[in-house]
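Protein chains in written order, with this note's numbering: chain A, 1 to 223; chain B, 1001 to 1223; chain C, 2001 to 2223; chain D, 3001 to 3223; chain E, 4001 to 4223; chain F, 5001 to 5223.
Read the hints as simulated data drawn from the structure, not as lab findings.
Quick reminder that beta carbons are idealized off the backbone N, C-alpha and C, glycines included.
The reader is advised that the hints may include incorrect statements.
Sample of chain F residues at the chain B side, in silico, Cβ under 8 angstroms [said to hold, decoys possible]: (1) P5060; (2) P5061; (3) S5086; (4) P5087; (5) D5090; (6) Q5136; (7) I5139; (8) A5141.
There are 6 protein chains.
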Amino acid sequence: MGVVVQNIERADPAVIDGLAACGVATVHEAQGRTGLLASYMRPIYRGARIGGSALTISAPPGDNWMVHVAIEQLKAGDILLLAPTSPCEDGYFGDLLATSAQARGCRGLIIDAGIRDVRDLTEMNFPVWSKAIFAQGTIKASLGSVNVPVVCAGAFVNPGDVIVADDDGVCVVPRANAAKVLEAAQKREANEGDKREKLAAGVLGMDMYGFREPLAKLGLKYV
Amino acid sequence: MGVVVQNIERADPAVIDGLAACGVATVHEAQGRTGLLASYMRPIYRGARIGGSALTISAPPGDNWMVHVAIEQLKAGDILLLAPTSPCEDGYFGDLLATSAQARGCRGLIIDAGIRDVRDLTEMNFPVWSKAIFAQGTIKASLGSVNVPVVCAGAFVNPGDVIVADDDGVCVVPRANAAKVLEAAQKREANEGDKREKLAAGVLGMDMYGFREPLAKLGLKYV
Amino acid sequence: MGVVVQNIERADPAVIDGLAACGVATVHEAQGRTGLLASYMRPIYRGARIGGSALTISAPPGDNWMVHVAIEQLKAGDILLLAPTSPCEDGYFGDLLATSAQARGCRGLIIDAGIRDVRDLTEMNFPVWSKAIFAQGTIKASLGSVNVPVVCAGAFVNPGDVIVADDDGVCVVPRANAAKVLEAAQKREANEGDKREKLAAGVLGMDMYGFREPLAKLGLKYV
Amino acid sequence: MGVVVQNIERADPAVIDGLAACGVATVHEAQGRTGLLASYMRPIYRGARIGGSALTISAPPGDNWMVHVAIEQLKAGDILLLAPTSPCEDGYFGDLLATSAQARGCRGLIIDAGIRDVRDLTEMNFPVWSKAIFAQGTIKASLGSVNVPVVCAGAFVNPGDVIVADDDGVCVVPRANAAKVLEAAQKREANEGDKREKLAAGVLGMDMYGFREPLAKLGLKYV
Amino acid sequence: MGVVVQNIERADPAVIDGLAACGVATVHEAQGRTGLLASYMRPIYRGARIGGSALTISAPPGDNWMVHVAIEQLKAGDILLLAPTSPCEDGYFGDLLATSAQARGCRGLIIDAGIRDVRDLTEMNFPVWSKAIFAQGTIKASLGSVNVPVVCAGAFVNPGDVIVADDDGVCVVPRANAAKVLEAAQKREANEGDKREKLAAGVLGMDMYGFREPLAKLGLKYV
Amino acid sequence: MGVVVQNIERADPAVIDGLAACGVATVHEAQGRTGLLASYMRPIYRGARIGGSALTISAPPGDNWMVHVAIEQLKAGDILLLAPTSPCEDGYFGDLLATSAQARGCRGLIIDAGIRDVRDLTEMNFPVWSKAIFAQGTIKASLGSVNVPVVCAGAFVNPGDVIVADDDGVCVVPRANAAKVLEAAQKREANEGDKREKLAAGVLGMDMYGFREPLAKLGLKYV
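Isolated chain A, as found in the complex:
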C-alpha cells in the first residue's frame, strides 16, 4: 500500500487498437477463453468499444484519493482500472474526474465499484464499465497504490496490460501476449466473415462444422 509506480511498459498502440477493433468476445476466444472480467461489469451506456493500457488503482473502500494520484500518471491511450481492497459500490468517480482524465487522453474507466454523474459522462462520451451506478460519495483519507497488480472483478491485471471493453463486457490481455493474441483474433475474424455468409444463406452449422457424425457417435437420438 502507498506505492505509485511511475514507469510502466505499454503494448504497441497499433496492437491495442487492433484488439479493440476485434472486440471482447473475439479477443477472449483468441487467448484461449481467458481474461474476462465478471459479467456484472456493465457499460454505463451502449455502443462504446475501447482498447487501452491498464493504469491500475488499488483503492480502499469508499476512498477515491488514489484516483487523483493515478490521473497524473495517465498517458494518452490509457484506461483507468480500479479495484477496491474490499467489496464496495460507492461512487468513486464522476464528471470532474472524467474531465481531468479525458484532458490527459484517458479512454475510459473500468471500476469494480460504483460510479456517478452518468448523464454527464454519457454526454462527454467518456465510457465506463462498473459494478454499480451509485451516487454515494467517497472520502480522501487513506493510501492505496497505483500501477500495482490487482484482481479486478475476478481477473488478474498487471499495469500495462491491454484492456478491451465493449457492450459484451471487459477483457484483459497480458501485455506480453498482445501481439500474438491480436494475430489469433484477426484470424478468427477473417474466418467468421465466410461462415456468416454461409449461415445467412441457410447452410446449417450441423453441416458446415461436420457435427452429425460426432453427435451420432455420442448417441444423439432423433425421434
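Put chains B, C, D, E and F on the given structure of chain A with help from the hints.
Only chains B, C, D, E and F this time, still in chain A's reference frame:
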C-alpha cells in the same frame, strides 16, 4: 439426455401473433397470473415485442452444441428457448448462431444463461432475453436434448408452447390454452381502453372500481 | 396499518425544483452524504431528472390496493413512493395507474418492488425508479397505509420529504432541511464549474486540491 | 387456482425409503444428473435425511392459507412442498403448523420461501429445507392450489413424486421412475464401497478409472 | 455525523426481558407484523435469544472507530446495533471489542456489515447477528455518530428501542410501545399453548380456525 | 490449459503451522490487510482451522477431471484450491475424492464452486470452504491445469502459496512472504493477550488506544 424430438405441434400462427400484440403483462393476467419467467430475464435491447412457438433446448452448463442441433429443427415463427442443466451464465449464443437462426425464420431467443455479441444482435434486430451478457465462450463436448419439457427461469415450458416476450419480460402460454388465453387477453385490452380514458380525464380508480366501501369495511381510516 | 394521512406539509415548490436541477449526486453531498436509496433502484428509462414531494405508501407484498388510495391524495408536484412491508418484486404499477397519477400531476414513482408496462410508461414520459421490472400481477385484499413514515430501499422517508431522482438514483431530503440543503447544493455547483474548467485545461487535481503534501505525509512513495 | 386434488398416487413406501437411504447426491446421479432443486434450498439444521411423497402447494406470496388446506390431505410419509406464485421469503410456516403436520405423519417441509420458529422446529425434529429463515408473518386471504404440478426452486414437481432431502439439498424423482432410479442408485452405492476402500489405501483415481490415456490424448502436459 | 448522544431513555428491563422470552416471531406478530430486520441478518451461532436496548452506531464503510466510542456509552443490558453509511461487509468487530463490550454488560451485537473472530465470540458466548462473516480489517479515520436514529438492514431504529434477536432473526420494538407489545405478545403465547395441544392431538387447523366456510365462499374446489 | 506443473516450491512447514495457529483474521492483518478470499467462501462445518500449501486447480465449469490429476500431485500438508474458469456452483467434490485426497495427506479443500456429500466429509473430518453446497454432478471431458496461478474467489493465488482457513474464511499468504508474515502475526498475537486482559477488566479502548484527542480534533461532539 441426448434426444431430439423432431415433430412438435405448434399453436395457430394467428393466435400466436394475437398474443404477442397483447403483450406480456396482459397475457399473464389473462391466464390467471401465471406463466412468467423470472424477472432477471432481461431483453438485450428495448422495444422488441415477439410471439412464437417454443423450440426448447436442455443444454449442459458451458456447452452450446445443442444450439446447432436445435437450429436445424427451427420452423419460421419459432423462438429458441434454452435452459442449462445447472446454473450458468456463459455466453452460449452470438452473432453467427443468430445469423443462422434468423435465416431459418427464428424470431428470437430466450435463454436462462449468457449471451454475447449484443451489438451485432441489436443491429441484426435479433431480440434476446437472457440472464446475463457475458462473452465467456462455451464448448461442444456433451449431449443435451431438443424439444423436451424444461424449466426455464422458473417456468415450466413444453416444446410448442407459445412464448410472448417484450420489455416487461417473458411469458409462456401452454399450447392447448393459447386460443382461450388470447380471447381473455383481448377482452382485457378492450376493457382497458375505456378505463384509460376515464382515468386520464381525472376519474379516480377509487370511484371507477368502487373501492371506497370495501376499504371502509376493512377499517381504512382517513385522518 | 390502515391509515391514510390526508394533510401533509410539503416543501416550497421553488426549493424542490432547485434541488431537482442540482441532481442526486450534488444534493446527496450537500446534505453530508446522506439520503440515498439503495443502488438497485434503477430508472426504467434514462434521462429523467425529477424532484417532488414524497407521497408515501406502505403496502403489503403483492397487493397494490393502496396505490389507488394514494392517487386520490396526490397534489400536483408529488412523487409516489412505495415500500412493501416485506421484500417483493411483483408489478404493483402499470400504465393505467400511471395515467391516473399523471392526470393528477404526479411527477413519477419510486418503488422498492416491481413495475410493468414499461414501454407504455416510457412513451407517456412517466418516470419510475424500481427494484425490478416484472409483469407479475398483484391483488387487492389487504390494507396498508398512505402518508406514514417508511423505509424505502434502505432510506427513511417521511411523507412530504423532498425526493430527487435522476440517472444516478434516488435521494431523499428531509422537508425541514430542504432550503438549507438547496443552498449548500447550489454552492457546490457554482464551485464545480470553475473546477471543471481548470481540469479540462489540464490542471491536475493533485495541484488544484493541494494533495501532494498530505499524501507525502502519509507516506505515499513514488518509484 | 383454487383446486385441491384429494387422491394422488404415491410411490411404494419401500422404494421411497430406499431412495432416502441412498441420499441426494447418489439419487441425482442415478437418474442422469437431474432433479435437483436450487442450491439456495438449505436445511434449517444439519443431519436430517428424509424421503417422502410430495404433497404440493401452490401459494400466493405472503399467504399461507393453503398450508392448512394441505395438511388435511397429508398421509403418513408425505412431505409438504410449497412453491409461491411469485418470489417471496416470508415465513409461511412455524411451530404450530409443524405440530399439526407432524401429528399427521408428515416427514418434513420443502419450501421455496421463508420459515420461522426454527428453534422449535429443531427441537421437534421436524426438518425443513427453505430459501430463507424469516419471521415475517403471512395472511390468509387468497386461494392457491394443493396437489397440482409446481416449479419449486427450479425443479418441476408433480404431486406424488418422491422427494429426497439431506445435507446436500433436495432432489425430486418422478413417481413413475422411482423403482428404476432406486435400482440404479443402489448399484452406484455398491460400487462406491469398493472404490472408497481402494482410494483410502492410496490407489489413485488416475489409475483406478484409467484416466491417463484419455488425458494424454487430449494433450495434457506434465512439466 | 460526529455526534454522540450520551443520555438515551431505555425501556423497563422487565419489559425487555419479557419480550426476549417471547421471541422474534411472536413479538413481530404482536406489533402488527412490523419491525423485522432483513432475513440476511443471521446469527453467528444458533441458540441465542436476547433482548436489550439499542445503542445505535452510524459508521462509515470500513471504519470501526465509532464502535470504541459506543462502547463507552454502554449500560448493562444494552445491545450494540451498527449500520454502515453505505453497503459494506468488512469485519468491524472481533474478539477484543467483544471482550470490552461484554465487560460493560453488553448482551450482543446487531450489525448490517461483517464480523470476525467468530470462533472466539462463540466461545465467549457473545451473540452476533450480521450480514457477513468476513475477516477484512477496518480503519479508524472518520467520524460517525452514536445514539442517532439509523436504518439497519431495512428497519428504522431509534436509540433506546428494544431489540429482540433469536434464531429467527432480529426485531425492533419502538421504546414507547414496548409494554403494550409485550402484553399483546404474551396474549398470543398463552393462546398458542392451547392451539398446539389441539393440533398435536390431530385436530385440523381447518376446523379449529373455521376455515372451511370462507374457503368455500372464495370458490375452493375439491376434486 | 492442459498443463500440470509437477514440482512447486512450498513454504517451511513450521511457518505454515505457525500461520494456521494465528488464524485468518490475524494473518490477514499481519500482511497489511490483504489476501482474503470473498466472504461467500464458507466452511461446510465449524471449528476447523487449517494451514497448508496451495495445490491449485484451474477447471472448466462443471468438469472435475482435473481434481483427479491434482490429487496425484498432492504432498502431505497440501490444500487443494480450485477455481473454475467461469462461475459455477456444481458439486465438483465429494466423499470419494476426499478419501483419496486424505489418503495422500491433504488437509482440506478451498473451492470457488460447489461441493457435495457434506455429511460424509464432516464425519471424515475433511474440511472444505466452498461457494455452495450443491449435489449437481460434473463431467470429465475437458482439460484444465494444475499448479498454475489462479484467481480464486477474488484472490490471486500462486501454487505453493500458504493458505490459512478457519471459521472466519480463507486467506492466502504469498510463499516468499510467509516467514515475515508469521513474525508480524505472532507479534500481533502477543500484543492482543495484554489488550484483552485490560479490556476484560473494564479499561476502555478509548483510553487504552488514546482515541479521545484525535476524535476531539476531528470534531466529535458529545451531547
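Going through the hints against the structure:
Interface restraint check: F/P5060 against chain B, minimum CB-CB distance 7 angstroms, threshold 8 angstroms, status holds. At its closest, the beta carbon of F/P5061 sits 4 angstroms from a beta carbon of chain B; the interface hint therefore holds under the 8 angstroms criterion. Restraint check, F/S5086 versus chain B: the minimum CB separation of about 5 angstroms is within 8 angstroms; hint holds. Because the smallest distance between the Cβ of F/P5087 and any Cβ of chain B comes to about 6 angstroms, under 8 angstroms, the interface hint for this residue holds.
Interface hint at F/D5090: satisfied, since its Cβ lies 5 angstroms from the closest Cβ of chain B, which is below the 8 angstroms cut-off. A hinted interface residue such as F/Q5136 counts as satisfied when its beta carbon comes closer than 8 angstroms to some beta carbon of chain B; here the least separation is about 5 angstroms, so the hint holds. With 8 angstroms as the threshold, the beta carbon of F/I5139 comes within range of chain B, its nearest partner Cβ sitting at about 6 angstroms, so the hint holds. Checking F/A5141 against chain B by beta carbon gives a least distance of about 4 angstroms; that is within 8 angstroms, so the hint holds.
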